[in-house]
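Asker: In the order they appear, the protein sequences are chains A and B. Following the numbering used here, the residues of the first sequence are numbered contiguously, the last one being 453. Following the numbering used here, the residues of the second sequence are numbered contiguously, the last one being 1221.
It cannot be assumed that every hint is accurate.
[Stated by the list, open to error] Derived, one-sided and incomplete: chain B residues facing chain A with beta-carbon distance under 8 angstroms:
| # | residue |
| --- | --- |
| 1 | Pro1023 |
| 2 | Ala1025 |
| 3 | Tyr1029 |
| 4 | Pro1135 |
| 5 | Arg1137 |
| 6 | Leu1138 |
| 7 | Leu1139 |
| 8 | His1180 |
| 9 | Gln1191 |
| 10 | Pro1200 |
| 11 | Asp1202 |
| 12 | Ser1212 |
Just so you know, the hints here were simulated from the structure itself, not pulled from any lab data. Being a predicted model, the structure only gives us computed values, none of them experimental. By construction, the Cβ of each residue, glycine as well, lies at the ideal position given by its N, Cα and C atoms.
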Amino acid sequence: MTDTAILATPKEWPAILLPRAADGAEAGKRAAAKPGTKARPGAADPTDLDAAVGAGAFAGLRRAIRDVGATGTIAIVGASGLRGRGGAGFPAADKWRTAAGTAAKGRVVVANGYGADPATTTDQVLLERNPYAVIEGLALAAFAIGAHEAIIAVRAGAVETIRVLEASVAAAEEAGFIGADAFGPGRRLDVSIATVQGAYLLGEETILLKALEGKRGQAEQRPPHPATRGLRGLPTVVHNVQTLAAIPWILVNGAEAFAAIGARDCPGTILVQVRGPEAAGVAEVPMGTPLREVAALAGATAKGRPVKAILVGGPSGGILPPEALDTPYTFEALRTAGAHVGSGSVIVADDRACIVDLARVLTRYCADEACGKTIPCRIGTRRLSEIGDRLAAGTSRAGDLDLLTDLAADIVGSALCDHERLATLPLVSGMRYFRAELDEHLERGSCPAGVCH
Amino acid sequence: MSFIPGLGLVRGMSLTLRRFFEPKATIRYPEVKADIPPKFRGRLQLLYDEYGTLKCETCFQCAQACPIECIDMGGMDTKGRFHVHWGPAETYGERREESALRRSGRTVPDPAYAHFEGLDVGPLDDILADFDYDPARLLPILEATQAAYGHLPVAALKRISQVTGAWYAQIYGTASFYSHLRFEPPASAAQAAEVTARRPADASFLAGLGASLGSRPGGDA
Ligand SMILES: Cc1cc2nc3c(=O)[nH]c(=O)nc-3n(C[C@H](O)[C@H](O)[C@H](O)COP(=O)(O)O)c2cc1C
Ligand code: SF4
Ligand code: FES
């Protein structure tokens, strides 16, 4: 199993994606445990279908097929307010309506379990611990939009994830939840597992679809969105695995119950990967939780070294100052603050970190990984990364910061996919919140944290 | 579509007549410049240089490099018909070498077109049959080919192009995009396995991240 710790969270936080172990003793222990200690819910075999069904798996799918119907399922998910967990936070039901409303020879649902951020394992952890929730959510989405083909895309290097998934898909097919006659006589659902690898950008949906078509991984112009024209020209709904895993819960417990969890404009929970000086691991947090509480899961409290910055969003994340610790963890609030949900990564940096070097490393990675299709992508990110390099090396030119502001605005205005738009965040947020430290590098060529040069 | 005979002709002629009677605007060109849209780049065409030789060397480099695959090679056949992509690139190898020699006095090395080692295509043909010669399954085909030969020899790419009908530039473009696909044999089997487990680019990113944080983040790295 992926060697990631599951961080203990307060008992009153709902656990939808990673259910807590059933017996009260362990649940109590988990709540009492100090931040950072390992707790392993569902230590039993996650591929055990009978146990999963006993715990309620596939009840949502049964309800959808027997009682609610396809349009009813879309309506329930719409009423729950579920938004995509892949980073952009697009309402799930809107995508479904588009796909269901597009006349086509077939439709496809793709579970995006690629987990692009190399520092994040949330999606792998979910797939390994709760595979049936993802498979059931996939089946529900397929049922709702009238798809007979579903693909789970995972990283080829994630051997354990693939093993768990293959066993679970086979068991679910054996039991008739997916496969031939899954949605009633003659209405099948073929679920396949696709392993992809070789580029960061495979997480981006149009690029993932390119890879599934056997093509070079480059972004596609939108619209048409994949929900209208996706894999092999068919309407395709791409969802992050966390989005899918929440759907069965919604069908069983109702839209109102889900809408009551987390933030009002963004209900539900999300998996975050927290890293701090004291601990690191995955935790399920309600949307809208203040960053301070998320950071505290990794042991970032008043006692330890002072928090200098929080990097939120992964390789293209924003670098936020300690004053931003009260920001709620929602799509909009983080964007306004200059970061984004992204891969769900929250990294707490203490006073030993250098913001300039951090922004440089992030921007460099984003530039190296850009697909090269458009000019903001190919050249814009490269120029950004050069500005970062010059800052860190103490060789900045006059006007570099103005150039940075201009260039970032141009990239955001002309980008083809979100990657290059987000790639501006590390340097722009660094400049917005840590101007004094930038000036130190710029004017004196010195690094207060002693990391650069 | 209407089937009244001659309607298309009448339509066409009416356009001609309309243009014929339109007021003509004559600009005294170099002195007065017409307004051109800011992104207008003129007509992109590679014709003949001042010595009358074709400028394009048919090296297919531009077609391979073009990220949106908007560049394609084409030309007139002996009957004056225009075709997009004439055929497999090696057809032009001779022309290319000749013009490279003429222009630079040396052959231009390009692994994609250099003389390549022969290959026992038996295993490859089995792979292609397994995947039904379907270019839409190019990635698994390339991965299986790499598994069989240890890397992707140029001859194998050419064979895939020849048999599936996928254009060589597309195959080469795909093979060069994904970091786990390689054109050279790996230094060792262990190295190849490492690339699958974690890409070198990701590993160095994580190392850089750790360094700029000034501390190893707690727990797993
Ligand atoms: C650079 C980049 C990387 C991405 N990586 C991932 C990823 O690893 N996993 C993921 O689910 N979505 C990723 N996305 C978002 C997807 O494009 C897409 O929006 C998402 O899979 C849709 O699912 P959702 O509706 O559940 O959010 C990425 C987007 C960008 C621009
Ligand atoms: S084929 Fe080669 S020589 Fe011809 S236009 Fe393209 S890059 Fe230039
Ligand atoms: S990464 Fe190339 S267009 Fe977005």
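Asker: Under the constraints set out in the numbered hints, which ones does this structure not fulfil?
Answerer: The structure breaks hints 1, 2, 3, 9, 10; every other hint is satisfied.
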